[in-house]
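Residue numbers (this note's numbering), protein chains in the order written: chain A, 33 to 352; chain B, 33 to 352; chain C, 33 to 352; chain D, 33 to 352; chain E, 33 to 352; chain F, 33 to 352.
Bear in mind the hints are in silico, worked out from the structure with no lab data behind them. Possibly wrong hints are sitting among the right ones.
These stretches of chain B come out as covered by chain D in the derived footprint (C-beta under 8 Å, 3 or more residues) [to be verified]:
id, stretch
1, 72-81
2, 126-138
To give an idea of the chain A side of the interface with chain B (calculated C-beta under 8 Å), a few residues [said to hold, decoys possible]:
id, residue
3, Y215
4, A299
5, L345
Don't be surprised by glycine CBs; every beta carbon is placed ideally from N, CA and C.
6 protein chains.
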Amino acid sequence: MKKTFISDFSNVKDGDRIEDIFLVKVKQQLFRKDGNPYLMLKVCDKTGTVDGKVWDNVEEMTGRFSGDDFIMIKGVMSSYQGTKEINIKAVERVGDGMVDLKDFVPVSDYDFDVLEKQLYTVIASLKNPFLKKLLTLFYEDREFMELFRIAPAAKDIHHAFLGGLLEHSLEIVDLCRDIKNHYKEIDLDLLITGAILHDVGKVRELKYRRSLDYTDEGRLVGHIMIGVEMVDEKIRIIADFPARLAMLIRHLIVSHQGTYEWGSPKAPQTLEALILHNMDDLSAKVNIFRKAMQADSGEGDFTSFNKPLGRYLYKNRQTE
Amino acid sequence: MKKTFISDFSNVKDGDRIEDIFLVKVKQQLFRKDGNPYLMLKVCDKTGTVDGKVWDNVEEMTGRFSGDDFIMIKGVMSSYQGTKEINIKAVERVGDGMVDLKDFVPVSDYDFDVLEKQLYTVIASLKNPFLKKLLTLFYEDREFMELFRIAPAAKDIHHAFLGGLLEHSLEIVDLCRDIKNHYKEIDLDLLITGAILHDVGKVRELKYRRSLDYTDEGRLVGHIMIGVEMVDEKIRIIADFPARLAMLIRHLIVSHQGTYEWGSPKAPQTLEALILHNMDDLSAKVNIFRKAMQADSGEGDFTSFNKPLGRYLYKNRQTE
Amino acid sequence: MKKTFISDFSNVKDGDRIEDIFLVKVKQQLFRKDGNPYLMLKVCDKTGTVDGKVWDNVEEMTGRFSGDDFIMIKGVMSSYQGTKEINIKAVERVGDGMVDLKDFVPVSDYDFDVLEKQLYTVIASLKNPFLKKLLTLFYEDREFMELFRIAPAAKDIHHAFLGGLLEHSLEIVDLCRDIKNHYKEIDLDLLITGAILHDVGKVRELKYRRSLDYTDEGRLVGHIMIGVEMVDEKIRIIADFPARLAMLIRHLIVSHQGTYEWGSPKAPQTLEALILHNMDDLSAKVNIFRKAMQADSGEGDFTSFNKPLGRYLYKNRQTE
Amino acid sequence: MKKTFISDFSNVKDGDRIEDIFLVKVKQQLFRKDGNPYLMLKVCDKTGTVDGKVWDNVEEMTGRFSGDDFIMIKGVMSSYQGTKEINIKAVERVGDGMVDLKDFVPVSDYDFDVLEKQLYTVIASLKNPFLKKLLTLFYEDREFMELFRIAPAAKDIHHAFLGGLLEHSLEIVDLCRDIKNHYKEIDLDLLITGAILHDVGKVRELKYRRSLDYTDEGRLVGHIMIGVEMVDEKIRIIADFPARLAMLIRHLIVSHQGTYEWGSPKAPQTLEALILHNMDDLSAKVNIFRKAMQADSGEGDFTSFNKPLGRYLYKNRQTE
Amino acid sequence: MKKTFISDFSNVKDGDRIEDIFLVKVKQQLFRKDGNPYLMLKVCDKTGTVDGKVWDNVEEMTGRFSGDDFIMIKGVMSSYQGTKEINIKAVERVGDGMVDLKDFVPVSDYDFDVLEKQLYTVIASLKNPFLKKLLTLFYEDREFMELFRIAPAAKDIHHAFLGGLLEHSLEIVDLCRDIKNHYKEIDLDLLITGAILHDVGKVRELKYRRSLDYTDEGRLVGHIMIGVEMVDEKIRIIADFPARLAMLIRHLIVSHQGTYEWGSPKAPQTLEALILHNMDDLSAKVNIFRKAMQADSGEGDFTSFNKPLGRYLYKNRQTE
Amino acid sequence: MKKTFISDFSNVKDGDRIEDIFLVKVKQQLFRKDGNPYLMLKVCDKTGTVDGKVWDNVEEMTGRFSGDDFIMIKGVMSSYQGTKEINIKAVERVGDGMVDLKDFVPVSDYDFDVLEKQLYTVIASLKNPFLKKLLTLFYEDREFMELFRIAPAAKDIHHAFLGGLLEHSLEIVDLCRDIKNHYKEIDLDLLITGAILHDVGKVRELKYRRSLDYTDEGRLVGHIMIGVEMVDEKIRIIADFPARLAMLIRHLIVSHQGTYEWGSPKAPQTLEALILHNMDDLSAKVNIFRKAMQADSGEGDFTSFNKPLGRYLYKNRQTE
């Protein structure tokens with residue numbers, strides 16, 4: 033198990049010994065002036081990133097692990113041009129079972145199993161047989177669920193942590209149910225289905241087994257298009273799925289970001305689409321707000337400038 | 033009581049007699065080629081507007097009523113350059129008690145008294161003594177309440193009918209309460225106070241005793257600024273009202289339209305302000321959507337182009 | 033066959049007899065003041081639209097045809113509130129074979145069969161077996177080709193005529209081939225495939241058997257998303273279709289409008305996508321320009337204000 | 033009195049003694065690896081900022097001063113990771129009377145008293161008794177004047193120095209008087225009043241007793257709203273102040289930034305408001321231009337990229 | 033001389049005789065159903081436009097005048113589809129000397145000769161010999177001055193009347209002189225030269241001998257580019273004109289509209305350019321404001337929506 | 033000849049000797065604490081920039097060379113605050129003939145002479161005698177051609193290397209010829225002339241004898257305006273050059289950037305202008321794309337964020 037965190041390294045002096053587990057972000061073989069190779073690593077945990085260099089036994093060490101692996105590093109702290117780095121003496125790959133994922137990547141505060149059960153309950157509550165069948169097919173697709181239950185909702189911005197996508201989707205389901213009495217003409221089953229599926233394409237838009245990034249498909253095609261494809265794939269299996277219902281689900285997905293400028297190829301044109309966009313927006317903005325509150329430990333009544341929202345946020349909210 | 037509506041005049045032939053009550057929108061004295069005066073009127077009911085002209089006894093008739101009055105017109109239908117107009121023979125002012133306001137201007141589906149009672153209940157539920165006192169001062173200000181209970185929320189766009197402002201504000205209160213469990217760190221009393229007061233300046237921004245329009249102050253200063261002034265006026269009366277609480281209420285008012293582009297001089301910087309803007313936006317957009325649904329009796333699956341939302345809206349929502 | 037066109041009706045006097053074929057755009061049953069029904073029609077040909085009314089034998093006449101049918105009208109020219117309309121005495125449905133489609137809707141200057149053969153030649157020229165197979169599957173899908181060979185490229189704007197989509201797509205193929213020598217690193221087969229398929233979703237986005245309009249699916253989902261679905265459907269049939277190749281085709285479709293503002297959920301990120309967007313843009317703009325030149329018969333050196341391009345266009349181009 | 037400035041520290045060698053007065057910007061207690069506390073300071077003068085650390089007698093030293101105090105530091109220059117910092121041996125708070133404010137913060141080139149007298153002359157020149165009374169009330173409010181006479185016009189951008197607000201406001205008064213002959217229909221007294229009061233809310237929007245920053249109220253409510261409140265407060269005291277005149281003053285304040293995008297909730301709708309916005313804009317832009325000229329000592333004919341104006345500025349203006 | 037104006041025609045009955053002078057805007061030969069030609073005219077005076085038709089002696093009448101001529105019309109008032117038109121019996125061309133131009137096109141309130149003399153005085157006041165020579169060359173170019181002294185400053189928008197360009201340019205000169213004391217570092221001669229020449233290209237951008245419109249060159253090249261060319265033409269004649277001074281004049285012309293969005297290919301980068309843009313903007317906006325005040329005779333405190341400024345304008349400015 | 037490049041200096045140790053040729057970017061005399069002067073240089077080659085300092089014989093060394101000269105430096109590698117710099121012992125100016133320009137600035141892959149010959153062939157092919165004469169005048173203007181044949185097309189962005197302007201212009205000529213068959217109504221000679229001349233103003237907008245930067249005229253007036261002036265200068269020499277043809281060439285130049293936002297004071301209004309803008313855009317974007325491909329040696333399938341295009345670009349284009 034991990035003993036120290038990179039955020040504490042400012043207190044480690046040159047020459048002190050380091051022996052701990054890290055996640056490999058970058059692994060690159062470079063060459064010294066004398067022509068001999070050395071290994072340049074960037075390793076991280078949830079608190080930051082640090083450089084490490086292997087000068088000896090480079091060949092052998094190189095073969096022991098790959099990028100995105102967990103490794104046990106034994107080495108000595110040193111400095112290069114004013115920056116700390118680890119002079120690595122030995123390195124071993126460490127199995128996933130040996131580490132607590134939460135020490136290395138940001139993770140939802142909710143248990144993955146709890147969120148999955150909550151999803152099951154939502155699906156069970158639907159009355160429309162086609163929508164229920166559609167969501168059930170997703171739920172029973174274990175390959176999909178293995179991804180969906182841990183996917184983040186974004187690379188940074190909002191709900192950018194493992195489990196964030198499901199947490200975010202279920203929050204929207206809850207919000208829609210909360211306000212449903214004011215909008216009696218809505219098709220609640222359709223709206224809930226849209227809440228669950230609106231970002232489903234993110235399981236393929238993002239890479240997130242360990243560190244978060246976009247996939248090629250994510251950048252080139254995007255989660256909206258991918259999401260529609262994933263939904264189409266399931267709908268094809270369901271006998272007599274009404275064409276118009278399928279079209280309305282697709283509309284929810286393609287319009288959920290609200291405007292062209294935000295990457296939605298269509299603006300919301302149904303009541304369900306208007307509400308889904310509004311609740312998606314609320315859930316995202318509140319999450320950004322909360323994250324800014326937690327991240328900001330500085331003095332003063334305002335956070336530092338918050339880029340996603342484009343403004344400073346007020347921290348001192350408590351009213352006497 | 034009113035017998036016929038202007039929307040039916042396409043079925044009235046030239047020469048048919050007209051005898052009914054109308055609301056005077058425009059009253060102007062013009063002159064004929066021979067130098068004699070005549071009276072040009074534009075009169076309306078909730079279904080439309082029609083021209084009327086008084087050719088005889090102009091002096092006497094002119095003295096009998098003013099703009100924005102209800103009048104009983106006796107005359108004959110005629111045409112001028114292809115457009116129907118009433119050749120008015122006699123006209124009498126009619127007291128407010130003789131007419132049903134709903135025949136002339138759009139009005140909330142809710143009873144004004146019911147909405148006012150609902151407001152009272154909301155105020156009574158508050159725990160923060162300063163906020164409760166603040167809202168109570170508004171509630172007990174009968175001059176204000178006479179305006180607030182019938183004010184529309186806008187000239188056109190959304191909730192543009194008598195009682196629309198209170199209906200809209202209470203809807204936001206309800207929405208905020210509905211979703212409060214997801215956002216436990218919010219100060220619910222503050223948020224509810226913001227929901228009630230965010231558009232309070234509209235009682236002075238708009239003219240709406242009968243027809244809806246902007247006041248001079250509404251155009252030159254705007255409801256956001258007016259609303260802050262009205263709130264300040266009450267706060268000054270309350271002993272020891274906390275300065276920071278006052279500031280947070282003002283922030284809710286100045287930021288509720290969300291962005292500079294929409295006329296808010298500040299973007300939401302507190303959690304309550306983010307939520308208030310989102311719920312205000314939802315209430316307004318759904319109201320626009322519903323109004324478009326009701327107004328559109330045409331064939332086809334889409335409404336005509338909806339200007340406020342900038343898109344066509346889908347009417348055929350029912351899923352099999 | 034059609035004898036006269038609506039554009040000539042300004043020369044027809046009230047009371048003159050009308051006997052000709054028209055296309056039904058709107059058909060609506062309304063009621064007279066005496067409670068009896070009458071039939072209100074809007075009928076068109078390629079030169080304009082005119083109102084028509086059936087006052088007698090309404091029941092029987094109503095049953096004889098539907099909207100979007102061709103009908104032979106016998107009637108008398110009359111006027112209502114200064115506008116010409118046909119007082120219809122008799123009406124009969126006319127089979128498609130009896131009319132020349134070009135008298136009623138705008139049609140490509142090229143023969144549909146010629147364009148289809150040109151498409152075949154393009155497909156035959158491809159070397160990449162997967163891309164060739166993909167396009168061949170579209171080509172051999174007769175149901176699809178019946179639509180694709182007559183589809184317009186837009187409702188108005190550019191290539192808004194039957195056959196316009198194929199004409200436009202083949203023009204882009206030609207343009208890409210013309211310039212290929214400058215961009216030797218491009219995958220020409222991929223680019224050509226993108227040129228053929230980039231707007232393929234328009235066969236479902238638009239209605240165009242006779243008059244042009246959007247389908248429900250067109251408004252709610254859009255041709256980009258529909259196009260990707262149609263391509264996916266074919267790719268699924270092809271064994272071992274490379275995943276990356278499929279992704280690159282999807283990227284060409286989702287990015288071909290160039291920017292978010294123009295409704296593309298992704299900007300071009302490959303060289304082929306950059307070129308496809310540029311050539312699509314060129315083909316569309318030149319078509320808008322030519323259409324404006326043809327439509328403008330006025331005096332002066334400039335066309336009237338051209339809305340799609342947002343400017344006046346210079347007509348007097350010939351240099352001495 | 034101050035002897036050296038931070039801008040000269042590049043010439044101070046490690047180990048040299050430092051003994052001088054600085055302004056405390058940041059004061060923070062941190063902990064060493066051995067658990068003992070140390071004091072981290074950021075201190076500044078008008079030429080820059082430097083770090084300082086207190087390693088000994090931390091408790092005692094901490095109690096001797098607060099943030100935003102002037103302090104006499106005795107210490108030794110040292111380096112940490114390539115950056116100069118002061119190893120502080122002793123520190124004492126220094127009274128305001130002992131320092132020349134101009135050594136620490138940017139200050140207007142004009143004497144505060146001169147500007148105040150100029151303001152008095154402007155007020156004395158007004159003919160409209162209500163406007164004269166209004167401005168006199170501000171002038172006689174000593175608490176207000178203590179702030180107004182030293183307030184900056186902005187945190188950075190333009191007139192960002194002590195006295196800048198009054199200097200800027202009086203410049204606009206002068207500009208308005210200069211051009212008044214061209215616009216004879218203007219109400220000059222009203223325009224001058226607007227020039228004086230348009231930014232008056234900045235005395236509460238900004239903190240500026242020493243370093244410049246926004247107040248909480250400044251960020252959450254903004255100087256436009258605050259300014260209206262301040263004006264309202266005075267108007268309430270004046271008997272029979274005409275309602276329309278009050279409205280026109282408020283309009284000048286809310287519209288002076290010209291457009292929604294610049295944070296004005298209303299665009300100028302009166303001639304005075306149009307002119308005030310234009311002159312405010314001119315004064316601000318010229319000040320930005322001059323500041324860029326002074327700040328830029330580099331070679332070449334252009335300044336470095338000027339962010340507030342979004343362009344490079346030409347320095348080599350002199351025409352032969 | 034003209035006796036009646038088109039604005040009074042609402043009081044003229046069908047069958048009344050018309051005998052008066054008009055300006056020909058459109059002259060077009062059309063054909064009746066029987067194949068015989070008739071002449072369709074649109075004629076105007078400063079108050080409006082009216083249709084006229086010549087049914088008899090068409091050949092002969094056609095030869096008597098051209099578009100943009102003044103003509104004496106003898107005819108009878110009639111109506112066509114609810115709109116008044118003149119049934120023309122006889123028509124004669126009228127020489128320019130017989131009419132008062134002001135009856136037909138909008139004209140500056142200032143006498144053209146007075147404005148020209150004022151220009152002379154400005155030029156005489158310059159000290160910089162090169163700038164004085166440059167402006168003198170323009171002034172002594174009689175062909176140019178014949179155009180410059182009557183040119184409008186725009187087709188509509190602001191100063192859209194004969195003489196408007198010179199009136200507008202001299203107003204800017206005056207404004208610049210008024211405020212010069214605040215900006216002592218400015219090169220006043222350069223600024224004044226820019227004020228005179230900034231819009232000089234409009235003499236070729238617009239057609240304005242009688243009715244106002246764009247020239248081909250105006251639309252395709254624009255007054256900024258034309259202005260620079262005109263200035264270059266004069267500068268070439270002046271021996272040893274300093275290159276940098278020429279560049280600074282060109283900069284004033286190309287940047288005077290302030291931003292790319294307003295059609296300036298460069299933003300102001302010198303102090304003179306900043307001030308010129310600001311004063312140009314002020315002069316234009318005030319003129320738009322005044323024009324709106326004059327044009328609006330309606331009731332209510334606001335003008336109708338003002339398109340150039342994008343807002344309603346307040347009319348009731350007088351403060352008690 | 034140059035032996036080593038700055039990109040290799042990371043392998044040079046402090047104390048190693050340096051003896052090589054560099055290009056002087058910055059040369060500045062500063063003063064040491066003891067009052068003695070030293071010389072601070074920034075010198076570059078095509079791979080980067082490095083600081084150099086002359087501590088001895090400063091007077092003499094200073095006189096030996098100027099900014100933008102090539103110099104032979106003899107010195108010793110040292111470090112200052114973690115950054116490498118050359119301690120210069122001796123320096124000599126080196127003549128242009130002694131260096132290969134390509135070692136110091138980016139240069140077209142094409143030979144300048146080859147490009148010039150290609151230009152000659154294009155001119156020779158024109159049929160319109162006026163356009164042929166116009167281009168010939170440019171071609172025969174040796175002073176101009178010395179600049180035109182080596183000018184870059186931009187400071188950074190696209191074709192930012194010596195020879196880039198001619199390479200870019202000829203590429204557009206070729207593209208226009210390639211696609212000419214689709215647009216038979218175009219005046220190809222006019223379009224080709226526009227392709228050659230559209231950016232001709234860049235020979236004066238940019239400085240590029242060695243390092244690339246804007247000239248004063250480039251920033252203040254811009255290449256569009258300069259280009260029109262240069263073309264006008266030649267046209268004046270040609271007898272009877274048709275006015276309309278001159279106007280159409282000017283239109284091509286002023287509109288070639290397509291929109292106001294991109295700095296064009298006019299949008300394309302002729303077919304030739306539409307096509308020229310489109311081809312210019314294509315050539316520029318493809319060049320940006322290729323440059324990004326070459327510059328990016330990192331891992332992963334995407335380039336780093338590409339600023340000119342505002343997106344990531346996909347590198348892994350090869351389809352299996």
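Okay, the hints, checked on the actual structure:
{"no.": "1", "hint": "72-81", "result": "violated (count 0)"}
{"no.": "2", "hint": "126-138", "result": "violated (count 0)"}
{"no.": "3", "hint": "Y215", "result": "holds (6 Å)"}
{"no.": "4", "hint": "A299", "result": "holds (5 Å)"}
{"no.": "5", "hint": "L345", "result": "holds (5 Å)"}
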